[in-house]
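Protein sequence lines correspond, in order, to chains E and S. Under this note's numbering, residue 267 is the last one in the first sequence; the count climbs by one each step, no gaps. Under this note's numbering, residue 220 is the last one in the second sequence; the count climbs by one each step, no gaps.
Careful: at least some of the hints might be erroneous.
As the list claims (entries may be wrong) - Some chain S residues close to chain E (C-beta under 8 Å, calculated; not the full set): (1) 85; (2) 87; (3) 144; (4) 168; (5) 178; (6) 182; (7) 183; (8) 184.
Stated by the list, open to error - Lysine-lysine pairs mimicking DSS-like chemistry, simulated, CA-CA at most 30 Å apart: (9) E:117 x E:263; (10) S:159 x E:176; (11) E:40 x E:117; (12) E:213 x E:140; (13) S:24 x E:176; (14) E:252 x E:266; (15) E:155 x S:24; (16) S:24 x E:153; (17) S:159 x E:104.
FYI, nobody ran anything at the bench for these hints, they're computed from the structure. Ideal Cβ positions, reconstructed from N, Cα and C, are used throughout, including at glycine.
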Amino acid sequence: MKLKRGSFILVSILVVMAFLVVGCGKSPETSGQAEDNSWKAVQDRGELIVGLCAQYPPFESINEETKEIEGFDVDLANAIGKELGVKVNIQDAEWEALLGGVSKGDYDVLITCMSKKEAAGANINMSDVYYELNEIIVVKKDNDSIKTAEDLKGKVVGVQTATSSEQAVDSLTGLKEVRRYNRNPEAFIDLENDRIDAVVVGYAYAATQLKNKSELKIINTPVGETSEIVMITKKGADELTAKLNEALAAVKANGEYDKAYDKWLKL
Amino acid sequence: MGLNFDLVFNNLPLFWEATQTTIKITVASFAFALLVAFTVGVLRSFRIPKPIELFLASYVELFRGSPLLIQLFFIYYGLPSVGIVMDAFTAAVIGLALNGGAYMSEVVRASILSVPRGQWEAAFSLGYSKLETVCYIILPQAVRVAVPPLMNSFSSMLKETSLVSVISITELTRTGNLIYSRTARPFEVYMALGLFYFVMTFSVVLLAKQIERRGTRWTI
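Just chain E, same shape as in the assembly:
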């Protein structure tokens, strides 16, 4: 009996070690920098694969009626695709899977309202900033005690996890508790039911969402730093990044950007 248990533990340790060895063996391979043919690959394919998480209106969401993905990022992606002369193929994915997906090559670019800071930890390329987003506070209409970020001290604050809003909240001190949600609508349900005191969220999102929620209101003072929203490509895809920047500048110049802005983000 004693021997049996000993050998079981030994096997467990061996399995863990085998994992480690496999992990170590793989790393040098990925560090080898391949030649940059990122733009050529897109050109040959005639298609730009754009990754996004369609759960963040007005930037990207699935239309109730048409079931199509729509929003500012979608219009921007299409405008950029037109400028580059390639078709745009939009791929919806889970937020957490996006950065891994672009590194792996599932998408050419992420246009999904992702800020520089959100992407900073990952090993990727970033385009020029295409939008600047403030984080703001949402509270119940009858709440008079929260007027600035300072007033969040001692309060229970909700936030969508792995977003710039979460980073803004984590930069605050003295909060009673931070409640982290997979998606913003869940945070709003908890706010409506008094299970939390406030939600910190991107301004544009709050503005569109609160149009049909009469019992909530926006406290329009920025929390934390302004987020700089960028497009994200694979590490080393410098040519593609340069092309995207060119196209972004062109789209801004020819009025397509403003058209999308007026349609989705103007309040």
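Fit chain S to the given chain E structure using the hints.
Structure of chain S alone, referenced to chain E:
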């Protein structure tokens, strides 16, 4: 780009706090689930009035027949629409206990059925009442049969607690995701996370072995 396990060690306090949350939820849910399982399991192994039998059967089938994730969402985010508001911990324990209880009640029922018919007849012929027979003769034998599958349920419940992160509880899996999103090091973070769960379930396995061995000794 080597591996860097420092980030795991630097975040050990966070992991530890989250592990405690996970253990708390698991233990509370399992205790309630046992209560539900034994009540429902014992009742359903008898001939009981049709309406009660129908109610219990539909409870078991409903909770076995739909994903736990949806049950948790429904209890926490759905029920407020009809005026039932509870805090996240309560919702998590209710969800896990009702879901686990449904599965475990079948374990209890099966282990009661595994006790030979003759045991019942012998008890009755000695003048035991129905309740006495269940408490003193049947359950002690049934529990021995039930321990291994119940331990199975315990370890799956421990791992299912990772789902309660969707109702904004920062337990072990959510903490791992947090550290991952800060560090972008999936290999190290998820490996550590897996190990934490493994250590917890494996300790329970060892404990269950002890209980089984003791159980045999008690009844001989």
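So, going through the hints one by one against the coordinates:
1. 85: holds (5 Å)
2. 87: holds (6 Å)
3. 144: violated (20 Å)
4. 168: holds (4 Å)
5. 178: Check passed: Cβ of residue 178 of chain S comes within 7 Å of chain E, closer than 8 Å.
6. 182: With a closest approach of 6 Å, the residue 182 of chain S hint holds.
7. 183: holds (6 Å)
8. 184: holds (4 Å)
9. E:117 x E:263: holds (27 Å)
10. S:159 x E:176: holds (28 Å)
11. E:40 x E:117: Within the cut-off at roughly 29 Å; holds.
12. E:213 x E:140: Holds, because 10 Å separates the two Cα atoms, which is no more than 30 Å.
13. S:24 x E:176: Cα-Cα ~21 Å, so holds.
14. E:252 x E:266: With Cα atoms ~16 Å apart, residue 252 of chain E and residue 266 of chain E stay inside 30 Å; holds.
15. E:155 x S:24: holds (24 Å)
16. S:24 x E:153: Since the Cα atoms of residue 24 of chain S and residue 153 of chain E sit roughly 27 Å apart, the hinted pair holds (cutoff 30 Å).
17. S:159 x E:104: holds (28 Å)
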